[in-house]
Amino acid sequence: MARILTLSEAISELVADGDSIALEGFTHLIPVAAGHEIIRQGKRDLTLCRMTPDIVYDQLIGAGCARKLVFSWGGNPGVGSLHRFRDAVQHSWPRPLEIEEHSHAGMANRYAAGASGLPFAILRGYTGTDLPAQTDSIKTVTCPFTGEVLAAVPALNPDVGVVHAQQADREGNVQMWGITGVQKEAVLASKRSLVTVEEIVDELTPRPGAVVLPKWAVTAVAEVPGGAHPSYAQGYSERDNSYYRRWDALSRDRAEFESWLKTEGLAERSAR
Amino acid sequence: MTGTFTADEMMSVAAARSLTNGAACFVGIGLPSTAANLARRTHAPELVLIYESGTLGAKPDRLPLSIGDGVLADTADSVVSVPEIFNYWLQPGRIDFGFLGGAQIDKFGNINSTIIGGDYADPKVRLPGAGGAPEIAASCREVLVVMRQSTRSFVESVDFISSVGYGTGKGDRERLGLRGRGPVKVITDLGIMEPDPETCELTLTRLSPGADVEQVRAATGWDLAVVPEPAVQQAPSETELRVLRELKATIEGDQA
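Chains U and B, in that order, are what the protein sequence lines are.
Quick note on numbering: the numbering used here labels position 13 of the first sequence as 13, and the sequence is numbered without any gaps.
Each number in the numbering used here corresponds to the 1-based position in the second sequence with 1000 added.
Simulated from the structure, these hints should not be mistaken for laboratory data.
Fair warning: this is a prediction, and the values are worked out from it, not measured in the lab.
Take every hint as true, because none was put in to throw you off.
Label pairs and their calculated CB-CB ranges:
no., chain 1, residue 1, chain 2, residue 2, range
1, U, 249, B, 1118, 21 to 29 Å
2, B, 1179, U, 119, 22 to 30 Å
3, U, 212, B, 1246, 33 to 41 Å
4, B, 1171, U, 16, 50 to 58 Å
5, U, 203, B, 1074, 19 to 27 Å
6, B, 1061, U, 203, 28 to 36 Å
7, B, 1045, U, 249, 35 to 43 Å
8, U, 68, B, 1168, 27 to 35 Å
9, B, 1074, U, 16, 35 to 43 Å
Computed, partial: chain U to chain B, Cβ under 10 Å:
no., residue
10, 51
11, 101
12, 127
13, 239
Idealized CB from N, CA, C, for every residue including glycine.
Whole structure, please, built from the sequences with the hints as guidance.
In structure tokens:
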């Protein structure tokens, strides 16, 4: 049964140093406020998983929370590169960052295997690329029926899965709609989960195509209005495109980043 | 013939013209997205735009700023999960065109979007990574690439193969078991390259208006093959230019 907690309680209870965590979101519904709370609580040695690590992962990496990144595309969507991620990979600043790199199809299937309770996933992928040589998490398997050789990737089962959604009811049933990416799979694949929501309502309105996570599939729900900013929550807020552009300039410089971290990243409430 | 246009505008128009009406196109953000949206507003109104965030049949009324832009979800025939878009729609070969860009491309159309210089563990520049490209390049029936041309981006061999074009040459895709045909066109600001039927080496087949062969060779990091007397592309029509400029004006900033 999902417990309704404050964001600070939820991060404190669910996330431990050394955990693997997935803050998922595909441009839409990114759990940014939860990421900022992880920075504020000074969590360390985290393995950060996400298909599309963007600004909030850049902030977590720059703040020194991460030991390892498991990902398939790390950039500032629509703008360019992530400079804190780059600095960590190229210059080990503020600390070395181990990487485990996949394609989107590989990551999506790893979550699907994790959610399915299977040890690995198969896909027709990676063939001919230089990716398999860089990680032992891409191997091949031979189909027992046809003999076709396919890529095999291990299930991804993070300790904690964190997503943002539009609504939950008071019992902790969650509903999200619009682009829902790999969020359902990430929650179901994780050992513990936190869903931050725009609002808690008395009753969820059924919506065609919406994803519902029943209360018994979620560990905790926290009401965090605007918790996806600068990403967007369909029906609630627009994407703050200027923030993404500002981040590009701000994050290029270590001193400017550290100043951001002190004034906004560690501020009581997420930067908005 | 119209008034003045830039080499970038010619590139977007040429890329748009490569898409056929009614086809399903897996669209990357940036130049491919601009071209695909231009095609849907000109000669290919029934073009099916598919973005890797899970939007099938998006009909955005402005250029999306990223593959997960809300305007794509609002206007799509259907929004599906990311595992579904890759497993059900891309992998079985249902998509006609994959439309890609990248940081580097080599003479066999292999694309790098992972690292530049040094080795993987200690790169000179760390790029965002492959994203959806490896399987798009492998599984779409045909791949179109759109990239600005320079010796930095068009290199003898890429620093990292993020997605496969023709591998080491003719027959390599078949040996690897890749199902789609591979990159049938590479469209740049200077012209169009297509694979040689015998060798699969990218060969300059068409020039942009105002560009000449020597200029294209000088912007290419290998000894570029050129067909005899490459044709010059038709300049953008007034309609193409107007629609392209209207599209670009729908977004702020310098997003391509």
